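Model the full structure from these sequences, guided by the hints.
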Amino acid sequence: MKPSSSAVPAEERGASGRDPARSVLRFAAGIAVLGILLLFLMIIAFALPVFTEQSAGGPFSRIWAPGQGQFGIQAMIAGSLVLALSALCIGWPFGLVLCCWLFCPVNGQSGFARSARSIVGFLVRIMTAIPTVVYGFAAVFLLTPLVRETVGGTGFCWLSAALMLAVLILPTIVLLLSAGLAPRLERLLPGGLALGFTRMDLMWFFVLPEAKKTLFSSLVLGFGRAVGDTLIPLMLAGNAPQMPYACSAGLRTLTAHMAMVTSNEVGGAAYNSLFMAGALLLLINALVSLCACRLECSSRQERKGGRR
Amino acid sequence: MKRPFSLHLFRLAAGTAPALLLVCVGTLIGYLSWRGAPTLRLSLFFGSTPVWDGLTGARPVWDGIWPACAGTLCLVGLTLLLAVFPGVGCGIYLAEYASPAWKRRIGGAVNMLAGMPSIVMGLFGFSLILLLRHSVAPRANTGMLLAASCLALLVLPVLVATTREALEAVPDSLRLAASALGMTPARRLSHVLLPISVRGIGGGVVLALGRAAEDTAVIMFTGVVANAGLPAGLTDKFESLSFSIYYTAAQYQDQAELLRGFGTALVLLGISVMLLCAARFLENGYRRRWRGGDA
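These protein sequence lines are chains A and B, in that order.
Just so we're on the same page, my numbering is the position in the first sequence counted from 1, plus 22.
Just so we're on the same page, my numbering is the position in the second sequence counted from 1, plus 22.
Some hints could be false.
Residues on chain A that point at chain B, a partial pick, calculated with CB under 7 Å [to be verified]: (1) 44; (2) 58; (3) 151; (4) 250; (5) 257; (6) 277; (7) 284; (8) 305; (9) 308; (10) 309; (11) 319.
Here are the simulated SDA-like pairs of lysine to any residue, each with C-alpha atoms no more than 25 Å apart in a straight line [unchecked claim]: (12) 125/B to 308/A; (13) 125/B to 320/A; (14) 234/A to 34/B; (15) 235/A to 36/B; (16) 125/B to 56/A; (17) 235/A to 136/B; (18) 125/B to 126/A; (19) 125/B to 220/A; (20) 234/A to 40/B; (21) 235/A to 173/A; (22) 235/A to 164/A; (23) 125/B to 125/A; (24) 125/B to 136/B; (25) 234/A to 194/A; (26) 24/B to 309/A; (27) 125/B to 305/A; (28) 125/B to 28/B; (29) 24/B to 49/A; (30) 234/A to 33/B; (31) 125/B to 213/A; (32) 125/B to 211/A; (33) 24/B to 220/A; (34) 125/B to 35/B; (35) 24/B to 44/A; (36) 24/B to 42/A; (37) 235/A to 126/B; (38) 235/A to 296/B; (39) 125/B to 218/A; (40) 24/B to 213/A.
By construction, these hints were calculated from the structure, which means they are not laboratory data.
If you're wondering where the values come from, they're calculated on a predicted model, not measured in any experiment.
Even glycine gets a Cβ: it sits at the ideal position worked out from N, Cα and C.
This is the structure in structure tokens:
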């Protein structure tokens, strides 16, 4: 897409200083930016004293036992990372093959196969709108009994939460991948098909090896989505404040921890861990955004260079 | 052509993945509908209270989800009221007026906000209240207005991105033609660009509606409760559909309450999916009109 300002003649832009619409819009953009800045400032300002003050039983220690003055959230950090990574391990390959299937119909396919593709594509779009609380609610009654029977335990565990999170991040991954992979495949299609490759061959031999950045950025953004979700870990992961050690055992993520601390209103030192957890999430997701932005910019430049 | 074994494996996986997806999501939605559909009657919304009395709040509704529906509606409406001006305005500014440097900076900030988990917005609202309590208003408490402003922050990136896309999809030839006719930039915006991109922007607003209606994590921090009756005022606690689903899953006492939970989940699912379809419909019509429209 061309930048729209290129169409505006230079002298007109100089005159637009008196433009009333311009100042109104600038005001609107100012409010938006102010909101964003305020968000970052507030959370960092509340968390900073906790970062600097180092005492025994503070948020950096290992054990969470508010009754005994232990407020460590190491287990929650580990829980968040482990859960998000395991969800990614299930969801990302699934999303990748699904995306390839969507874009690689076999030549001369039947009407059934074509309609199956459009149904699945539509379903993936619908999945972006399903509220996470609905996923969680259905999984409490559907998935947990199943997990309880297969791996034992209560069913509210690492495995159930990871499976549901994988479903949750699936549409994100599929849509990101298809935005990155489909144009590359389109460009190769005429020549590739003429040489006798199938679409799947083209995808496997030419598109996927060249699209490492797209693959990686979908991985990173999927991780951000998985680490930030609250309701699925809160409803399905059991919330035991312990280091995750088995897939049938409960764990507690940072997000679920925050929700539990506010709803139980322990107050005082427990709130410190709340702001700490919030700031950590903020940092993780800011890193994810920066990483994805860097990848996207460089892959866009590559694509431009390739076309020349 | 000789294909490596790994490719055959990949093709096999690609064949089974869609079936697996259909089974998973189909089971999920089917189960919800199977348990929830029988409860979809007026009594789900109003319980044993007469409909009109429940609707207006003349009598409290104890065993229905109408208060939660009303809470969600008010919350979403208030969110839009707060978010549309900065969101759409910022989008227009980025598409039409901002210099490339500012475009990059503001766009980057909005992107970063888009990646933030919703619970961080909730924490922001919560810390705002703590700050108010310790400074100017010792009696400040969480409530509808706070929840709506946090939700507004949550849906802001959606509004900015869709507005910007809608305006940037308008062919440059139209801009040039409008300028050539002697329109000032403000006129060009209000008479040419906005009228033709209004469908795209509307799609974004509907999408933002859906995001605000489904979110639970933000309002958990900013004043949602399980029993508040109809929303009473800007600073009062409120109920919402999404929270009552969570609450039912965690604390249900008997079978009737559980069934009501299924009904609520189905209602929320229906609302979200309908909003998504409406947004897609608006945006698709818009795209079709301007596809290859540079001619």
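Which hints from the list above does the structure break, by number from lowest to highest? The structure conflicts with hints 8, 10, 11, 18, 19, 21, 22, 23, 26, 28, 29, 31, 32, 34, 35, 36, 38, 39, although it agrees with all the remaining ones.
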